[in-house]
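So the sequence lines, in the order shown, correspond to chains E and B.
If you're matching positions, the first sequence starts at 1 in the numbering used here and goes up one per residue.
If you're matching positions, the second sequence starts at 1 in the numbering used here and goes up one per residue.
Just so you know, not all the hints are guaranteed correct.
Taking lysine-lysine pairs in the DSS-like style, the calculated list, with each CA pair at most 25 Å apart, reads [as the list claims (entries may be wrong)]:
| no. | chain 1 | residue 1 | chain 2 | residue 2 |
| --- | --- | --- | --- | --- |
| 1 | E | LYS143 | B | LYS27 |
| 2 | E | LYS138 | B | LYS175 |
| 3 | E | LYS150 | B | LYS27 |
| 4 | E | LYS143 | B | LYS22 |
| 5 | B | LYS259 | B | LYS175 |
| 6 | E | LYS139 | B | LYS27 |
Restraint ranges, calculated between C-beta atoms of paired labels, are given here [what the hints assert, rightly or not]:
| no. | chain 1 | residue 1 | chain 2 | residue 2 | range |
| --- | --- | --- | --- | --- | --- |
| 7 | E | PRO99 | B | SER173 | 29 to 35 Å |
| 8 | E | ASN24 | B | GLU23 | 39 to 45 Å |
| 9 | B | SER183 | E | GLN39 | 56 to 62 Å |
| 10 | E | LEU29 | B | SER183 | 42 to 48 Å |
| 11 | B | SER173 | E | LEU142 | 54 to 60 Å |
| 12 | E | LEU29 | B | ASP237 | 19 to 25 Å |
These stretches of chain E come out as covered by chain B in the derived footprint (C-beta under 8 Å, 3 or more residues) [claimed, not checked]:
| no. | stretch |
| --- | --- |
| 13 | 19 to 29 |
| 14 | 109 to 119 |
Because the hints were derived from the structure by calculation, they are not lab data.
Here a beta-carbon is modelled for each residue, glycine too, at the ideal position from N, C-alpha and C.
Letter by letter, the chains look like this.
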Amino acid sequence: MVSEKNRLIIFNTAGQPLGEMIFNHDLFLQATLYPDGEQSLGGCLEDWQVNGIMYFHPAASTRTSLSTIGECVTMHDPAFPSALRQWLERNSLYSVVIPEESWDIWSYIEQLPLSDSEKFNLVMRLSLSEKQNLELSKKSLLKIINELDKLEQEPKPLKKSKEKTASKKQKTKPKKMNAKKVKVKIKK
Amino acid sequence: MGRGWQVFKKVSMHIKATELEKEMAQKRSRLLEYSNNNKEKDTLSREIYSIMTEPSKATRQAKVKKASSKIKKHNFTIEGAHELGLCNNDIHDLISSFPGVWLSSFSYSNNHPPAHKTQSTGRQSVVLVENDNNNLAQVSIFNPITNSGLNSDVLCHGCIQAHTTAHYPNKISQKSVDSISKSINSIDSGVFHSTHKDNINKPGRSHLHAKQESEAVLWPSFIQTAFEAPLLNNDQDWRLATFNALMGMQYLTASDAEKIIDSLSLYFSELDPEADMNQLIRNYQKQVNLLEFKILSKHISVLFQEMPDKGLKNFFNRWIKHLNQESTSLPALQARVRQHVPSLRVGMALDDAKELGANLSVSLRVQATDIKDKRRVLNDLRSSIRRFNEIWRDLDKKEQRFLRPKLLQIVHSSIY
């Protein structure tokens, strides 16, 4: 079977990314939690590893109604992605799926000067577009990032400051607070 | 020579934060300018520009309220769903997976075919169902792509009013929903400790969250129990069958089980007051092969008629009669195990009796099988009994007297 990896990024209602999961078709491969996601998703992930996740699906129909059955499925079950989507909706969380060839789109979007909800909005719209549009979008993102980098590199006018800086350390830019990612691997 | 100490000047964090904000603001205005200049030729720039210049939350709220649809009395129709590219299955999946688990049974029809079907679009939509002034369920669907700021306001928690198709003209009233909710909540959550306490003990879980999750899981399981509870005969009422099935839960009392049954009765009668639930459930069980193939004690008692020994036959008949009466007053037999067996034939008889006991316990514990399984289990039991009969006939009276109490012990302990 041809490998088709997808990256599913989970967001809360404020657009903050909480974590991501990688699937190969319907097969779960690994999960990575961001610091914001550790508190909300960490416990659930452990629970799913041990007990499985509840999956509701339509059962056999009776006379004129359709009833729903809930069953626990493991993370290795092909129904896990569907169960996960149901769980996300029940818990007011959103997910965006990005194909393997466009995974760096999210890392480019993270570098843009947008708020969390705007970044979420953008990645959502891009994930729904056609593949060729994704490629074009990637190139456009790179152009935008280069433009913004040029802005940083433009010489700034000297400011008269009363405080004398004495240490080299103070001249360096503050480090970007990159999210510390926690990887969770599921043992097969 | 003195040591030189570097002098560190404290940099005010407030100033640093302000500088970062200024830098961010500069980059944002640069980005807005760039996307504005390129929005005509570049899709990404167009998207970024529209995102950065989105209207305020209040404006969005007003816009969405206008787009929400009304439900007609006998037709659960959502108009406008096609604009979001949603098909019937998407709507059903969305609503079925909602925290309002009262909606586990309904039918939905969308008279408008989707303009373009995108599975992921359906998955990302948010559905809100709420009552309007005329007591009709009002359904609204929001696409987070265009209404991202709204979502925390519109997500529905708790019960959802089910408004079903023309086959079920009535809906579940809020009064009934409250009554059901109150009834289920009055049951001590410790009763369902396997779903509730385990959830609480997980790190990062709150009591309320675990309880809500447990409730969300319990109600569909009660409905499933009602539909799958084994019916002893053609005349047994579904309520009694469900009661027997629920009493299998270790900590559930009879009064709690009755509360659940009453809630289920109310729920089903509100969905369709004219439905014959006994007929519905029997049809369902026939469909999924739950009926007809259960092994009953009457199937087994016929096999014991083949036993040559009148004493043993009477023992098994009394024992099966006791099981049918569901009495627990049988005294336990004294377990006096003698290691020494007088002959090889007695040893063989003992082994065969143990096998008979094992087959008996399997046949009686089989609750739901298909016809092949039933035949297989009964055939195994028939073979064990035939073998046992042959061995028993070969024993002399002294050996039979020695063996009799041990046989009773083996068979009795295999059941309990």
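Holds or violated: LYS143 of chain E and LYS22 of chain B, Cα atoms, limit 25 Å. Holds, at roughly 22 Å.
CB of LEU29 of chain E to CB of SER183 of chain B, is that within 42 to 48 Å? holds (44 Å)
Could you say whether the range 19 to 25 Å given as a hint is met by the Cβ separation of LEU29 of chain E and ASP237 of chain B? For ASP237 of chain B against LEU29 of chain E, whose Cβ atoms are near 50 Å apart, the range 19 to 25 Å is violated.
Satisfaction of hint between LYS27 of chain B and LYS143 of chain E, Cα-Cα up to 25 Å: holds (14 Å)
Verify the CB-CB distance for ASN24 of chain E and GLU23 of chain B against the hinted window 39 to 45 Å. holds (40 Å)
Would you check chain B against the stretch 109 to 119 of chain E, counting CB to CB pairs closer than 8 Å, and say if three or more residues qualify? It holds, with 5 qualifying residues against the three required.
Hey, LYS139 of chain E versus LYS27 of chain B, does the alpha-carbon distance stay inside 25 Å? holds (19 Å)
Given the range 56 to 62 Å, decide if the beta-carbon distance of SER183 of chain B to GLN39 of chain E lies inside it. Between SER183 of chain B and GLN39 of chain E, where Cβ atoms are some 34 Å apart, the hint is violated.
How does the coverage statement for the stretch 19 to 29 of chain E fare against chain B, requiring three or more residues with Cβ below 8 Å from a Cβ of that chain? The restraint on the stretch 19 to 29 of chain E is violated, since only 0 of its residues have a Cβ under 8 Å from chain B and three are required.
Taken at face value, is the distance from the CA of LYS175 of chain B to the CA of LYS138 of chain E at most 25 Å? Violated, because 54 Å separates the two Cα atoms, which is more than 25 Å.
Regarding PRO99 of chain E and SER173 of chain B, is the given constraint of 29 to 35 Å on their beta-carbon distance met? With a Cβ separation near 47 Å, PRO99 of chain E and SER173 of chain B fall outside 29 to 35 Å, so the hint is violated.
For a C-alpha distance cap of 25 Å, please report whether LYS259 of chain B and LYS175 of chain B respect it. Holds, because 16 Å separates the two Cα atoms, which is no more than 25 Å.
Violation of the numbered hints given earlier is confined to hints 2, 7, 9, 12 and 13; the remaining hints are satisfied by the structure.
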